[in-house]
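J.: Listed here are the chains, written in short residue letters.
There are 2 protein chains.
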Amino acid sequence: MSNDPLVIFTPSGKRGRFPVGTPVLTAARQLGVDLDSVCGGRGICSKCQVTPSYGEFPKHGVTVAADALSDWNAVEERYDQKRGLTPGRRLGCQAQILKDVVIDVPPESQVHKQVVRKRAEARDITMDPSVRLFYVEVDEPDMHDPSGDLERLIRALKKQWNIKDVKADLHILHALQPSLRKGAWKVTAALHTGEDDDRPRIMHLWPGLYDGAVYGLAVDLGSTTIAAHLCDLRSGEVVASSGLMNPQIRFGEDLMSRVSYAMMNPGGAQEMTDAVRDGMNALFTQIAAEAGIDKGLVMDSVFVMNPVMHHLFLGIDPYELGQAPFALATSDALHLRAADLGLSLHPAARAYILPCIAGHVGADAAAVTLSEAPDKSDDLVLIVDVGTNAEIQLGNKTRVLACSSPTGPAFEGAQISAGQRAAPGAIERVEIDPASKDPRFRVIGCDLWSDEDGFAQAIAATGITGICGSGIIEAIAEMRLAGIVDASGLIGSAEQVGTPRCIPDGRTHSYVLWDGGADVPRITVTNPDIRAIQMAKAALYAGARLLMDKLGTDTVDRIVLAGAFGAHISPKHAMVLGMIPDCPLDKVTSAGNAAGTGARIALLNRTARGEIEETVLRIEKIETAVEPRFQEHFVNASALPNSAEPFPILNNAVALPQVNFNTGGGEGRGGRRRRRS
Amino acid sequence: MSNDPLVIFTPSGKRGRFPVGTPVLTAARQLGVDLDSVCGGRGICSKCQVTPSYGEFPKHGVTVAADALSDWNAVEERYDQKRGLTPGRRLGCQAQILKDVVIDVPPESQVHKQVVRKRAEARDITMDPSVRLFYVEVDEPDMHDPSGDLERLIRALKKQWNIKDVKADLHILHALQPSLRKGAWKVTAALHTGEDDDRPRIMHLWPGLYDGAVYGLAVDLGSTTIAAHLCDLRSGEVVASSGLMNPQIRFGEDLMSRVSYAMMNPGGAQEMTDAVRDGMNALFTQIAAEAGIDKGLVMDSVFVMNPVMHHLFLGIDPYELGQAPFALATSDALHLRAADLGLSLHPAARAYILPCIAGHVGADAAAVTLSEAPDKSDDLVLIVDVGTNAEIQLGNKTRVLACSSPTGPAFEGAQISAGQRAAPGAIERVEIDPASKDPRFRVIGCDLWSDEDGFAQAIAATGITGICGSGIIEAIAEMRLAGIVDASGLIGSAEQVGTPRCIPDGRTHSYVLWDGGADVPRITVTNPDIRAIQMAKAALYAGARLLMDKLGTDTVDRIVLAGAFGAHISPKHAMVLGMIPDCPLDKVTSAGNAAGTGARIALLNRTARGEIEETVLRIEKIETAVEPRFQEHFVNASALPNSAEPFPILNNAVALPQVNFNTGGGEGRGGRRRRRS
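Residue numbers (numbering that gives the first Met the number 0), protein chains in the order written: chain A, 0 to 676; chain B, 0 to 676.
Warning: the hint list may mix true and false statements.
For chains that are exact copies, the list does not tell them apart, and a pair is met inside one copy or across any two.
[As the list claims (entries may be wrong)] Distance condition first, Cα-Cα at most 35 Å in a straight line; then the derived DSBU-like pairs of lysine-lysine:
(1) K112 / K166
(2) K157 / K396
(3) K81 / K58
(4) K158 / K375
(5) K163 / K181
(6) K586 / K98
(7) K185 / K112
(8) K13 / K375
(9) K571 / K157
(10) K549 / K81
(11) K375 / K98
(12) K375 / K157
(13) K396 / K98
(14) K166 / K13
(15) K185 / K157
(16) K586 / K157
(17) K185 / K586
Because the hints were derived from the structure by calculation, they are not lab data.
Remember, predicted model here, so these are calculated numbers, not experimental data.
Could you build the full structure based on these sequences and the hints that come with them?
T.: Next up, the structure:
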């Protein structure tokens, strides 16, 4: 056994013996310990900070003496004076190993640090971005052995960082010579790795050492809104998040009306492409301003979206997506230049677009898969991403199925008489007393319930303006629990229900949720409102149920609700309506904007890109439009909660009144088929 | 031994036995015979035409019966009626092998056909272009097994053509779906192979079968002129050639004045970049019009140029090339999009730029290397590409050296009192009677000598307007041979020489070459003219001599004169002037525009690109500016032919008069050093 000092790195546990005088960074590199460095050990970037531990370490079998490392040297002194070194820290490239020592690598000194996520069941993010910075010292040109400046830079990257086969973007050639000379033959290169050919590309050069940040954007391009997260590509931190209405809305609220617009108007697809790209650029300018950074430092971007948005963003006419067999122009992931998509970020910024799963199940669904990892789940998980379309995934580590179901925009408050987007003033929570049949509610922007003191003052500024998506779900579910609406979806009359809040409204009835007096419109839930929600939730349920059929199961172990809507929905109320399959309520969780999270994962970890590309190929795609059982499930699921499925867990938790308001008139739809309620 | 029929292909000599009924194309493919096909054997492209031979073939040991192949079938009948099949030809995909047969594959049916070059010593061109066409039948989309149209196209290319890892340019996605449907799921794809990653890229799609041509451009971007050859990428044929003055001339006649312009004027480099790219586009429009083709069918392009033009064309400031150590931004070959260089050809057209050899020896010199292949020569060859700079290469298959020498523009007629570009009216050939000292000459645009009958009428239209580069070389050499000018370059007086054509001209004398009367200017050769040519030829010789020193040789086996100027120069006169080393005159040949030819080779054969990239790395670069002996050689070479070198072969062929017109005045430069004359 060698007499060289023993070095033990934590948290990795990697250990080895090194000759006296070996710098800690050198030892770390030789052991494959994840210790960052931009300057390559020249003592100028300070990214290789470590914390030596002293004293007894029975676990490791070593005692660390106070003089285990060399004394602070001039480089560390200077750095400390200039920027301040955290007490107890050393620069790994300066501190030399003299005796046995235990060295801790703090998370901020790790290249592949973990990015913390709040939810335990979600996939971890390990930092491994496509863009990284490398400081190099380049040989000066030699007339007697002529070679291009670029070729010497590439040689330096190979020699000093062991990075092979580096290429340069054309624009690099324009800035190369001045940068090298300004930096006295020392430059920091931003390299992008992870094109299809996996050759690193020089994207940018800074004269001398650049130890600032570079950024990436994770973008969820929805039919209605575009949401972007601006991330620091070194720390993984989200430095700003922002959203914007999709400017394509003026061409059509929902996807099919945009496809129609493209079909009916020559140049219409291009108009919509321009609109969404313009909107994207406006959003990027806004988010960079919010974060106070130069947009030119955004060097990578990841985009997820449904298939129609995918095509329109890429400039592909979505015509084929409007009709069977719903053929995508391309389903594979795309590695592009942001500039090729008309985006003004760094001139060499890359754009990665996740693969699509099928003609109706897009890159957004793939991003949900990446975030929620059903393919890695031990138990059987149903993942529902509720938007204008619902993308549904069901599976576990053995098998994953996916489909899309056309829920329409009712869940977003559209097609609802008092419906509105989730904004201050919108009713978002509803409770109805089963005895009095009177409601109380909360509106967005106010923490008080409507029957609490001070409510009127608290909402004075916003007023009560309508009902948002989660509000209408709760209202109808509460009406069903209070016996105001029957299993077929019919609202009873004042007499049938026993409350004057049920008022005649044409040939049916409406329920008055709020009457603010003569000056403001009454907010009611109408029978057509219930019909719209019935259609939407029946589509959603039928899709989920179809996947359960395909998998040969009647139950799921857990349900994940994704999407902004999923974050606000009450699982109990969703189940009362029969939106989602019967399941213990504590097994229904919200994943928030899982598509956006998936985009962020792909932005921060380039290995995840390859992974999701492979996973998507293994997902079994089900096309609801041509499945005969989908129609049957849909009809059954029109009832509240369902005319065929037993929902035993739900029935155990709540008592659904056995009311029937069908008096034989024309509105008895659903009653005919109702087998139980 | 099998009883299957024996098939022998000529000219390859490949042979094999195949079951009765095997199509000829199938047999060819299995044997690796070079037999073309775009449609993959579907009988629609007619590219696989073969000529069966019948009768006795003792050489091959077979007798071919009249019924060795199946009868003409309906496909061949239809093709013959529609387009006419050359008598004796069959379609290889239709004709089936029934008995032993000898099949000739005519050159036009070979993919890798040879392109004929006129000169025996030059490198052959084997067709292997980067862009090729492939017809495929693509699976229709299936809702139950969804996949993108692109992914199915890529699958078809793999299955039907065994082409792997195909990628598509972004713009292909825009045209993909309509093309597939218009062609009823049959398309012809243009694939580009030979990017750095060697993955084929889909550049263009035609619905159904496209059996027209696609084109490429080989461009020699000179400081003075841009010359382009438009080539058919299937046949290799040059369908049009055209040239244009380099529009950068307005920023400076020679390279260094353009570098100065960039240094003195902010934005000057960009102005020159724009100018040359605009000129290029004008030239491409012109050449496409001449050939009567759609410029959008130009899918590949190759560019060669000197380092300053290289940088200016790429948009790189040439500042560093104006001063030691003459560092190139990049010396490696570049694979680019033509669109990235501002060129409007096919939107996906590629641009390949040959590697540069050194800061003064550019991609044009590399192209000369490719064309003239000194690295493959058994004997020691000196290659001189004469332009504003002379690029000089010396070597054989063991070792090749290269340098550049600043000859200046005198060889192009600039800096000469009566000098002009080579255009009708310019004197291009000169003879002087040693006895009478009277000249006769020929002008461009007229086949008669000036002393022949009808000359005056023949040149009436153009007149006699000046002397071009080759004319001034001949005039001075003839003056030297006739004893009108001495070894130091001094013109004698009328008395010294014995002709009134020697007239006083300031402090020296001039020789009257042509006196057209009072109405037109006299054309004379002045002593400053001789001085300019002396400087130019001394630079050229000194460069060549320096390389000979480095190689330790005093002689070369042969000399190749490249460049347009080299094509017109008289080897004897060049040697009398001491422009080129002493060498048997029959070993001095002209290679024409070898740089342009090299560009054409790289255009037509993608393997040649990799070859020249490797060759260039092996060439030893000599920087004349820092070689002390260059100055010495230059001074010696100022004399006519040389004040230090013996030129024994020349002296054996011609008698150089031992005259000396130095009367001790101020103009005796060179006489002082003259050791022999």
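J.: It remains to establish, for every hint, whether it holds in the given structure.
T.: Hint check results:
1. K112 / K166: both (27 Å within a copy, 34 Å between copies)
2. K157 / K396: Classified as between: cross-chain Cα gap 31 Å, same-chain 40 Å, threshold 35 Å.
3. K81 / K58: neither (37 Å within a copy, 88 Å between copies)
4. K158 / K375: This pair counts as between: shortest inter-copy Cα distance 33 Å, intra-copy 40 Å.
5. K163 / K181: Close inside one copy (25 Å), not across copies (45 Å); limit 35 Å.
6. K586 / K98: neither (53 Å within a copy, 75 Å between copies)
7. K185 / K112: within (27 Å within a copy, 50 Å between copies)
8. K13 / K375: This pair counts as within: shortest intra-copy Cα distance 28 Å, inter-copy 55 Å.
9. K571 / K157: Intra 59 Å, inter 52 Å, cutoff 35 Å: neither.
10. K549 / K81: neither (65 Å within a copy, 55 Å between copies)
11. K375 / K98: neither (44 Å within a copy, 61 Å between copies)
12. K375 / K157: So K375 and K157 pass the 35 Å test across copies only (32 Å; inside, 37 Å).
13. K396 / K98: Answer is neither: 48 Å inside a copy and 59 Å across each miss the 35 Å cutoff.
14. K166 / K13: within (34 Å within a copy, 42 Å between copies)
15. K185 / K157: within (15 Å within a copy, 46 Å between copies)
16. K586 / K157: neither (51 Å within a copy, 46 Å between copies)
17. K185 / K586: neither (56 Å within a copy, 51 Å between copies)
Figure legend: structure checked against the earlier numbered hints; hints not met, in rising order: 3, 6, 9, 10, 11, 13, 16 and 17.
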